[in-house]
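Novice: Residue numbers (our numbering), protein chains in the order written: chain A, 1 to 580; chain B, 581 to 767.
Because the hints were derived from the structure by calculation, they are not lab data.
Every value quoted in this text rests on a predicted model; they were computed, and no experiment measured them.
Please note that a few of the clues may not be correct.
Each computed SDA-like pair below joins lysine to any residue, with the alpha-carbon atoms no more than 25 Å apart [unchecked claim]:
id, chain 1, residue 1, chain 2, residue 2
1, A, LYS60, A, ASP43
2, B, LYS685, A, LYS60
3, B, LYS651, A, LYS268
4, B, LYS717, B, THR701
5, A, LYS60, A, ILE133
6, B, LYS717, A, GLU463
7, A, LYS322, A, PHE466
8, B, LYS685, A, ARG148
9, A, LYS268, A, PRO346
10, B, LYS685, A, PRO477
11, B, LYS678, A, PHE466
12, B, LYS685, B, MET658
13, B, LYS717, A, MET452
14, B, LYS717, A, VAL211
15, A, LYS322, B, ALA667
16, B, LYS717, A, PRO346
17, B, LYS651, A, ASP43
18, A, LYS60, A, CYS190
19, A, LYS322, B, THR701
Distance ranges between label pairs, derived from CB positions [as the list claims (entries may be wrong)]:
id, chain 1, residue 1, chain 2, residue 2, range
20, B, THR675, A, SER44, 27 to 37 Å
21, B, THR675, A, GLY299, 57 to 67 Å
22, A, ASP215, B, THR675, 49 to 59 Å
23, A, PRO189, B, SER727, 39 to 49 Å
24, A, SER462, B, ALA748, 45 to 55 Å
Just so you know, even glycine gets a beta-carbon here, dropped at the ideal spot from N, CA and C.
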Amino acid sequence: MKHTPLVNSVSVDKSLLLSFIALFYAGFTGCSSSSSSSSVSVDSVETCYDVSLTYTGFNKTSRLCTTREHGGVNGLGVYRFLRFSLPVTANVSIQVNTVSGINPSDPDLVLFKNGDVLEAALSTTANSERLQITLGAGDYAVELSEYRYTVESSKSNVSLTGIVTSPADESSHADINLPAAIDVVSSTPCSSGNDKVVSGVVTYDRVPHIVTGLDYNNIIALPVQEAVVSVICNGQEYSTGVTDQSGAYNLIFPANQESFVRVRAQLKKTGTPAWDFSVVSNTVAGKPTYVMQSSAITGSVNITEDLHAESGWNGVSYIAEKRVAAPFAILDSVRKAKNKVLFESPNAQFPQLNINWSELNTTTSGSVLLGQIGTSFFDGSEIFLLGMQDNDTDEYDEHVIIHEWGHYFEANFSRSDSIGGAHTSGDILDVRVAFGEGFGNAFSAMVLDDAMYIDVTGLSQSEGFFIDVENNNCINPGWYSECSVHSILYDLYDTNDDGTDTLALGFSPIYAVLTTNQKVTPAFTSIFSFIQSLKTIYLPSGIDQITGAQNIDPVLDMYGDSQLTNNPGDTNKLPLYQAY
Amino acid sequence: MKFSALLLISVVSMTTACNQEQSLKAVEKTHVHKKDSTVFTGKPQAPVTMSYEFLTVPAAGEILQILLKFKAQQDSEMLQINYRPSAHLDSVDATQQKDFTNLAKGSEATFIINVIPTQETMTYVNVFASTSVMGKKQSRAFAIPVSFDQALPSSVILKKNPQSQLPAGFELQPEQNIIIMPATESP
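Bound-form chain A, shown alone (with noise of 0.2 Å):
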């Protein structure tokens, strides 16, 4: 049922009437004797608001509704979209006024232009919220949201003595911004009148899957591909490379003299293309880098020296001072994502990037330092991953990683205007969510040619969950699903015929929309940019049929105009975008 706007409510029936009148007597009259921090849920309120945009010669006012009915405050509606094109430089005004809901309400409107927020003079009172500024000729986006809407801690009138939500909160992130501990090195260079050649293979275990579950009697040696190898002298690098595809590895040593071989949970090189991936501690001051290293070698001839980092499973658990392979594990899933975007960008210039984890790194949120960080996230920078034994370990969840690495490729190469937070496959989500989420399961799903993502967690990490990529029965299925997103994404790709599924593009034309159009498009980042711009690219034709299997009309623009019947929930969240 569709509420329509209290202004208009002469046309509506009985039955909304009374829920109209019910809603009031059984929440609002709170308002007789309290402020709005009433008992009533803020979830169950629909708050609606004149927007009015004005320049010279134009003036123009809709009207939109937020409302938290899904639940978190990434679900859809919570924020709403208007958008406008000026033909000329004008002066510009937007003003937001209350009409109906939350009481006193305290709307916020965000300006955009091609996803970047926009600085506005800006007034506010409550119930009202104007922006005033003076705007180029081009396409706008705006966003409005109430902000009682976007705080989770609205969202529980309950007093408890901890929520466990995700992922930490960013104050906890204070207490890990320390300066690392850098002390001044005092040794004496090794000589190098003698050298000698120390080789080897550098090799970690690498614990599959068996359905939900890590399985520690198939545990293989697999290679440690591209990682920085160094000989350690005195403290001191002595000579340096990387590891090749099979982890071998080929370097100096001085002779006679105690050196040892170090490998870094670090890929990195410069130049074009470059890169520089760690993996390091976020529960040690400094987020030093995880390195294994060899005992003392002192020979004075030729010598191999193979590297081999254990799982450290007992045959019980863990033993923690013998898990070793973590880091490298991790560092692995991150080079296969490195080189699906390498492959079709052969000079690309990665951003820096560190990837916290921790055998501490569970799912409660606090302190980053005490390894406190909810769940395996992005955070717009860095990636942290979860380590504890027994409750939640994502080192060997290869598709946990690429999908928080699929984040980071957003960010730096592509663009996401997602708003982040909790989410799973079934909610109905903000549309920029939505397309974010799916894009990570998607990609993660790409980078390893293999559609089953698995997420492993509980006693002995032998339960868990999976979602098939590839299936396209999605709960609540739309353009609000990540899914849905990641149904659509991945059927596009792959070369696996299913359903309405004809296509086969592979991810060369993905890559090209996501780094070309999505990333400067004048709308909000969702399926809707991304399918209107593939269909600028290639020919359409399949693309309707994939996209209509998850109940989305043809997409025929950015704004997702064209959506006219798949409008969940019990308030209209159609047209996507007012426009004026």
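Got chain A; can you put chain B on it based on the hints?
Specialist: Frame of chain A, contents of chain B only:
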């Protein structure tokens, strides 16, 4: 007068009264909400949240009673809860599992668990929630920190002695900002 018109008048009159009173209470907004540049994008997880409450004060050798409260984010045919105490915690419950069926979106389910801390040191209760929504199973892990009054918070202690956070055999080299882990070598 038609029924719908009567109802409309009722609604409008209530709204008007309500708005008048609320407008008197409306306070000037003193804050400006800036677009947050830090966006956390996490992994998919089961559609359930958990909050908890310590019903007793944590103390070594004493039963610690914890109320777990779960909220379904979607209509769920099944919600299965398991918990496992970490080191320095013993469970005293006969079963560490509880099942709930047919939870509507937004509904809550509660479960009281009983553990005994064996040492007054920071530890966790691991809680696992598995949901089934339209036949699809998903899971989510939660960790409940059990801590005790200490002169300094653990994070402060760790800042002063970062090595204490590392497993035995791992060596922190602050001057190079690395953690050295022992490789298994051959030949």
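Novice: Against each hint, give a clear statement of whether it holds in the structure.
Specialist: Hint by hint, here is what the structure shows:
1. With a CA separation close to 30 Å, the supplied pair LYS60 (chain A) and ASP43 (chain A) exceeds the 25 Å bound.
2. About 39 Å separates the Cα atoms of LYS685 (chain B) and LYS60 (chain A), which puts this hinted pair outside 25 Å; it is violated.
3. A C-alpha spacing of about 44 Å is found between LYS651 (chain B) and LYS268 (chain A), which places the hinted pair above 25 Å, so the restraint is violated.
4. Straight-line distance between C-alpha atoms of LYS717 (chain B) and THR701 (chain B) comes to about 35 Å, which puts the hinted pair past the 25 Å bound.
5. Simply put, LYS60 (chain A) and ILE133 (chain A) have alpha-carbon atoms about 17 Å apart, close enough for the 25 Å limit, and the pair holds.
6. With a C-alpha separation of about 11 Å, the suggested pair LYS717 (chain B) and GLU463 (chain A) falls inside the 25 Å cut-off, and the hint holds.
7. Proximity of LYS322 (chain A) to PHE466 (chain A) is assessed by CA-CA distance (about 29 Å); at most 25 Å being required, the pair is judged violated.
8. Of the supplied pair hints, the one linking LYS685 (chain B) and ARG148 (chain A) holds, its CA atoms being roughly 21 Å apart against a limit of 25 Å.
9. Of the supplied pair hints, the one linking LYS268 (chain A) and PRO346 (chain A) holds, its CA atoms being roughly 15 Å apart against a limit of 25 Å.
10. At most 25 Å may separate the alpha-carbon atoms for a hinted pair to count; LYS685 (chain B) and PRO477 (chain A) meet this at roughly 17 Å.
11. Between the alpha carbons of LYS678 (chain B) and PHE466 (chain A) the distance comes to roughly 22 Å, so the proposed pair stays at or under 25 Å and holds.
12. For the suggested pair LYS685 (chain B) and MET658 (chain B), the alpha carbons sit about 12 Å apart, so the restraint of at most 25 Å is met.
13. Annotation: proposed proximity of LYS717 (chain B) to MET452 (chain A) holds, straight-line Cα distance about 14 Å (limit 25 Å).
14. Among the hinted pairs, LYS717 (chain B) with VAL211 (chain A) is consistent with the structure: their alpha-carbon atoms are about 13 Å apart, no more than 25 Å.
15. Restraint check for LYS322 (chain A) and ALA667 (chain B): the C-alpha separation of about 19 Å stays at or below 25 Å, so the hint holds.
16. In summary, the hint linking LYS717 (chain B) to PRO346 (chain A) is not supported, as the alpha carbons are separated by about 40 Å, beyond the 25 Å threshold.
17. Between LYS651 (chain B) and ASP43 (chain A) the CA atoms are separated by roughly 14 Å; this keeps the pair inside 25 Å, and the hint holds.
18. A threshold of 25 Å between alpha carbons decides the hint, and for LYS60 (chain A) with CYS190 (chain A) the separation of about 76 Å lies outside it, so the pair is violated.
19. Of the pairs offered as hints, the one joining LYS322 (chain A) and THR701 (chain B) holds, with about 23 Å between alpha carbons and a cut-off of 25 Å not exceeded.
20. Remark: the range hint 27 to 37 Å for THR675 (chain B) to SER44 (chain A) is upheld by a beta-carbon distance near 36 Å.
21. Separation of THR675 (chain B) from GLY299 (chain A) is about 60 Å and conforms to the stated range, judged on CB atoms against 57 to 67 Å.
22. For the pair ASP215 (chain A) and THR675 (chain B), the beta carbons lie near 28 Å from each other, so the given range of 49 to 59 Å is not met.
23. Under the hint 39 to 49 Å, the C-beta atoms of PRO189 (chain A) and SER727 (chain B), about 47 Å apart, fit the expected range.
24. For the hinted restraint 45 to 55 Å between SER462 (chain A) and ALA748 (chain B), the CB-CB distance of approximately 26 Å leaves it violated.
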